[in-house]
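**Q** Each chain, written out:
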Amino acid sequence: MAVKQFSIILAVTFVSWAVSEIVPLPVPYNVVGFMLLFFALLSGIIKEQQVDKVCDFILRYMALFFVVPIAGVIEYGDLLKDQFTEIFVPLGVSILLGFFAAGKVTQFIIHRGNRKETGHGI
Amino acid sequence: MTSSVDLLANPYAGLLLTIGAYAVGQVLYDKTRWAFLQPVLTASVIVIVILSVFDLSYRKYYDQNAVLNYILPLTAVVLALPLYRNRSILKKHGAAIFAGIIAGTVTTMGTVAAAGIFIGTDFHTIISLIPKSATNPIAFEVSRIIGGIPPVTVALVVITGVIGGVAGPEMMKLMGIRNEIARGIAMGSISHAVGTARSLQESELQGSMSSLAMALAGMLTAILAPLIVMLL
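For the record, the sequence lines run as chains S and Y.
Using the working numbering, the first residue of the first sequence is number 1, and each one after it goes up by one.
Using the working numbering, the first residue of the second sequence is number 1, and each one after it goes up by one.
If you are wondering where the hints come from, they were derived from the structure by calculation, not from laboratory data.
Please note: incorrect hints may appear among the correct ones.
Only pairs whose alpha carbons sit at most 30 angstroms apart, straight line, appear in this in silico DSSO-like list of lysine-lysine [what the hints assert, rightly or not]:
1. S:K104 <-> Y:K91
2. Y:K173 <-> S:K116
3. Y:K173 <-> Y:K60
4. S:K116 <-> Y:K92
5. S:K4 <-> S:K47
6. S:K116 <-> Y:K91
7. Y:K60 <-> S:K104
8. Y:K91 <-> S:K47
9. Y:K92 <-> Y:K173
10. S:K104 <-> S:K116
11. S:K47 <-> Y:K60
12. S:K53 <-> Y:K92
13. S:K53 <-> Y:K31
14. S:K104 <-> Y:K173
15. Y:K60 <-> S:K81
16. Y:K91 <-> S:K53
These figures come from a predicted structure and were not determined experimentally.
All chains should be built: construct the whole structure from the sequences, respecting the hints.
**A** What follows is the structure in structure tokens.
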């Protein structure tokens, strides 16, 4: 069961790789795979029960897979130390404002939609 | 420290270190429930400290974690499932979601360049900073295309992910962003996969919104980054 589910994920990933080799897209093939699997689920080509066990397993431990690449920052320790302010000031400012813009715009439009729907403010 | 014992001489030591460090991080988080003490952050710090103290090679450590690195690209693919489970939300709030992703991506790219110019950051560093909110495989390519330093971008992408993933939910609480959809969209737009991993812990809805935002913000970054560089 798990092997079958894992094979489906691998097959989707392989097809995505093939697609991105043929069509030049501005995204890596695993992001193409994300969209491909989503549309396969929407259209019913792949059923939720055919991939849920493996997907939920990987999703549950997702943060663990990022420990190794995060620790890779160790290789740029000197550069980050030498340009500390020059890097972290723009980085901090842009993260803060990015969160504000994305969050507020999304929330504003959702709330406006809700008001229209119910006829009064929530 | 070349005379000391090489702890990575055993081929399983690297993987053991990663999982062990993550377990320590998880226990610490469960005990304290302190939002900033994310297991992924604690684990990464433990790994960095151990590699530094025992003078171990990061390359060797990386290679010994081949099993995890093999699954890593698939984490983006499997995120399609939570998005599918929340498809009705996407259908209902599509306009808000897309507007939020565009606003976040344009704002974060524009302000990182503007702030960098304002305080006199090295030009190549500014260019390397521009794709920092995109997921790493995208950011690496974008950095190369726009004339940045790709390995530096990779490090900056990771740092952006960690800052947003650890502090994002708290920042949004202070900003009054309480809607679960909006929170997920912001996490994914600014802090890509690391933010998505954190969002998944908050709720499946937030995680699925974050994964969608990560994918679209990545694409948007690839399209807009060359235009922003042209304006500099």
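**Q** It remains to establish, for every hint, whether it holds in the given structure.
**A** These are the hints, each one checked on the structure:
As the CA atoms of K104 of chain S and K91 of chain Y are separated by approximately 20 angstroms, the hinted pair is consistent with the 30 angstroms bound. Taking the CA atoms of K173 of chain Y and K116 of chain S, the gap is near 25 angstroms; set against the 30 angstroms cutoff, the hint holds. Restraint check for K173 of chain Y and K60 of chain Y: the C-alpha separation of about 41 angstroms exceeds 30 angstroms, so the hint is violated. Pair hint K116 of chain S plus K92 of chain Y holds up; C-alpha atoms about 13 angstroms apart against a cutoff of 30 angstroms.
A threshold of 30 angstroms between alpha carbons decides the hint, and for K4 of chain S with K47 of chain S the separation of about 13 angstroms falls inside it, so the pair holds. Between K116 of chain S and K91 of chain Y the alpha-carbon distance is near 17 angstroms, which keeps this suggested pair within the 30 angstroms criterion. Proposed proximity of K60 of chain Y and K104 of chain S is contradicted: the alpha carbons are some 44 angstroms apart, above 30 angstroms. With a C-alpha separation of about 20 angstroms, the suggested pair K91 of chain Y and K47 of chain S falls inside the 30 angstroms cut-off, and the hint holds.
This hinted pair checks out: K92 of chain Y and K173 of chain Y have alpha carbons roughly 24 angstroms apart, not beyond 30 angstroms. This hinted pair checks out: K104 of chain S and K116 of chain S have alpha carbons roughly 18 angstroms apart, not beyond 30 angstroms. For the hint linking K47 of chain S to K60 of chain Y, the alpha-carbon distance of about 40 angstroms lies beyond 30 angstroms, and the restraint is violated. A C-alpha spacing of about 28 angstroms is found between K53 of chain S and K92 of chain Y, which places the hinted pair at or below 30 angstroms, so the restraint holds.
Only pairs whose Cα atoms come within 30 angstroms are accepted, and K53 of chain S paired with K31 of chain Y is accepted, the gap being roughly 29 angstroms. As the CA atoms of K104 of chain S and K173 of chain Y are separated by approximately 12 angstroms, the hinted pair is consistent with the 30 angstroms bound. In summary, the hint linking K60 of chain Y to K81 of chain S is supported, as the alpha carbons are separated by about 24 angstroms, within the 30 angstroms threshold. Among the hinted pairs, K91 of chain Y with K53 of chain S is consistent with the structure: their alpha-carbon atoms are about 25 angstroms apart, no more than 30 angstroms.
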